[in-house]
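Sequences and hints are given; from them, build the entire structure.
Line order of the protein sequences matches chains A and B.
Counting from 1, one number per residue, gives the positions in the first sequence under the numbering used here.
Counting from 1, one number per residue, gives the positions in the second sequence under the numbering used here.
No lab work stands behind these hints: they were computed from the structure.
Treat the numbers as computed from the prediction; the structure is a model and nothing was measured.
Please note that the accuracy of each hint is not assured.
Here are the computed distance ranges between Cβ atoms for each label pair [said to hold, decoys possible]:
no.	chain 1	residue 1	chain 2	residue 2	range
1	A	K134	B	K40	42 to 50 Å
2	B	V312	A	D132	41 to 49 Å
3	B	S319	A	E113	53 to 61 Å
Under the rule of at most 25 Å between Cα atoms (straight-line distance), these lysine-lysine pairs were calculated in the BS3-like manner [said to hold, decoys possible]:
no.	chain 1	residue 1	chain 2	residue 2
4	B	K205	A	K15
5	B	K295	A	K14
6	A	K66	A	K15
7	B	K105	A	K140
8	B	K295	A	K10
9	B	K217	A	K111
10	A	K185	A	K220
11	A	K134	B	K4
12	A	K15	B	K381
13	A	K115	B	K8
14	A	K6	A	K220
15	B	K379	A	K10
16	B	K205	B	K298
17	B	K4	B	K217
18	A	K220	A	K30
19	A	K111	A	K134
20	A	K14	B	K381
21	A	K140	A	K184
22	A	K212	B	K381
23	B	K256	B	K8
24	B	K379	B	K217
By construction, the Cβ of each residue, glycine as well, lies at the ideal position given by its N, Cα and C atoms.
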Amino acid sequence: MITIQKVTKKFQDKKTSITALKHVSFSIKKGETIALLGENGAGKTTLLRSIATLLQPTEGTILVDKFDTMKNPNEIKQKIGVLFGGETGLYERLTARENLAYFANLYGLGKHETKVRIDELSRMFGMRDYLDRKVGGFSKGMRQKVAIARTIIHNPEIILFDEPTTGLDITASNVFRQLVHQLKKEGKTIVFSSHIMEEVSMLCDSVAMIHKGELVYHGKLDHLYKEEGSEDLNYIFMSKLVRGGTHYAI
Amino acid sequence: MLFKLYVKELKDSFRDRRTLLLTVFLPIIMMTGLTLYYEKLVSSNEEESYQLAISNSISEEMKANLAVHSNIELLGSDNPKKMVQDGDAQAAILLENNFSEKVRKGENTSIVLIGDSFSENSSALLSIVMNVLNEYERTVVTDRLNEAGVESSIIQPFSIAQQEVSAENPTINLVAMLIPLILSLAVGVGSSPAAADLFAGEKEKKTMEALLMTPVKRSTLVISKWLTISTIGVLTGLITLLVVVLEIAFFTENLKIAVPIHDNFALIIVFAVLITVLYSMLIASLLMITSIIGKTIKEAQSYSTPILMLTVFPMMFLSTTGLNELTFNHFAIPVINVFSILKELIFGEIIYQHLMITLGSNLLFILIAFLIGRMLFMKDKWVIN
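This is how it looks when you write it as structure tokens:
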């Protein structure tokens with residue numbers, strides 16, 4: 001579904017050059033839920049943004065369902081839904097329905113299709129009671145639901161979440177986890193970055209660990225547990241990244 | 001798609017209480033204050049009364065001479081200079097002892113005028129007193145020449161009459177400064193919050209990334225946002241101008257008298273609206289650039305403040321420039337040309353050559369500023385924080 005081939009991303013200005021990703025290669029299968037793990041500044045967001053066509057790789061290619069992110073960004077945008085950071089990215093002065101309808105419009109959905117999809121998502125996420133209220137007065141949990149609904153309004157095959165539960169309270173985080181479970185059941189391919197290992201253990205099939213722009217591990221979660229002789233993902237993460245573990249199993 | 005984006009941006013902007021406040025209410029309040037201040041400025045020149053301190057010992061004849069001018073109120077004192085220093089009078093006149101008698105006898109005598117040239121009121125009073133004394137001096141000289149059997153025309157070989165090129169009420173010049181100033185302020189104040197919100201605000205609130213993830217072209221996004229800022233600018237400018245025109249018509253006397261209703265009044269209104277639209281589009285383009293560069297609303301507003309300040313500067317250059325002194329540059333340089341062309345229109349002059357230069361110049365600068373904004377918006381560096 002997603003193939004990342006020798007991707008390097010450099011950010012350059014007149015004085016400095018920062019390499020955010022160094023020759024990263026791995027693949028994500030259809031229907032897989034994969035977590036990108038790494039310290040702050042490791043390159044997770046850069047990789048997610050590159051998959052989402054918001055950034056162009058300096059070297060290498062990213063193929064999403066055989067479409068190249070550099071050559072066919074619009075085809076890829078139709079297949080992908082993205083939610084970046086703890087911020088929900090909603091228009092506060094518009095109602096939840098207006099936010100959803102606006103993005104449905106931008107994705108080219110017709111009037112009837114939009115109405116059906118909004119009804120479907122509001123039932124799925126339990127948003128009916130506040131669908132016609134302005135987002136500005138919503139709790140974090142309510143916002144999170146609307147934001148995820150907006151992310152998948154066009155029914156994308158692939159969903160990218162960048163640290164989706166950062167800054168959220170327990171209730172809002174649980175809302176997110178429940179929704180990811182639902183999306184998994186629908187066979188969506190989900191890629192998300194996180195610092196919360198319990199969340200990763202709970203939701204993911206695979207992990208990709210990135211350290212200073214380099215991929216240091218990619219594989220199934222149960223393989224990783226077997227390999228490390230532990231199911232403590234925090235411990236494994238520390239061992240592989242912070243302690244500079246050299247037994248990278250790529 | 002462009003229309004849908006435009007409608008959503010407008011809806012979102014007008015639901016913002018800050019935009020509503022700055023777009024409609026604040027300009028109306030500000031401009032009402034400015035209009036009434038100008039009205040007071042005009043009327044004060046005619047009705048203001050000034051206090052002139054005189055010595056208690058001044059002769060009745062001199063008192064009568066000075067009291068000729070209805071604006072002057074005479075205040076007797078033993079120390080007229082102190083009255084000026086204490087702020088009880090705007091100027092004082094000190095006459096030599098037995099001044100009137102010495103004048104009558106043909107002896108040399110003197111007058112001292114005390115005033116404060118830093119004070120507008122004091123300067124105005126000194127000017128009035130000087131005119132009164134000059135007139136009195138002329139009368140004395142004429143009397144003395146007559147006594148000596150000499151015609152007074154011998155020292156006044158010719159008379160001077162001053163005529164104005166324009167038959168307009170001089171107050172119109174104030175209106176010609178007031179209207180462009182109000183327009184400039186209103187468009188800037190009105191469109192600035194929306195501009196900051198539509199680019200920097202979207203980056204700050206992370207809605208920009210969601211927007212960029214849709215298949216909509218970036219150029220469509222930038223045009224819709226620019227159109228929204230322009231529309232808000234036009235609406236603010238026109239609403240404010242309408243309010244000011246109504247206020248001049250119903251709540252002022254002097255300003256109302258000064259504004260002439262020419263035969264081509266309707267055409268002047270059409271051109272004024274056209275200029276407002278063009279000016280709003282130019283300001284929208286400039287504010288769009290500052291908002292794209294800014295990472296947050298606050299940063300964008302910091303960048304836009306100097307631009308908004310610059311837009312009121314032309315008033316200083318043009319307040320003392322007559323219509324016949326306006327050159328090509330006045331109509332070719334952006335912002336200055338708005339002040340210049342509106343000045344002409346308010347004076348009832350429609351000069352198509354000047355209108356075309358203003359139109360062409362504005363369109364060119366709008367295009368350049370818009371293209372710079374679009375170029376920045378196409379680069380990830382400026383749209384993703």
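Item to complete: Against the earlier hints, flag every one the structure doesn't satisfy and list their numbers going up.
Response: Failing hints, ascending: 4, 6, 7 and 23.
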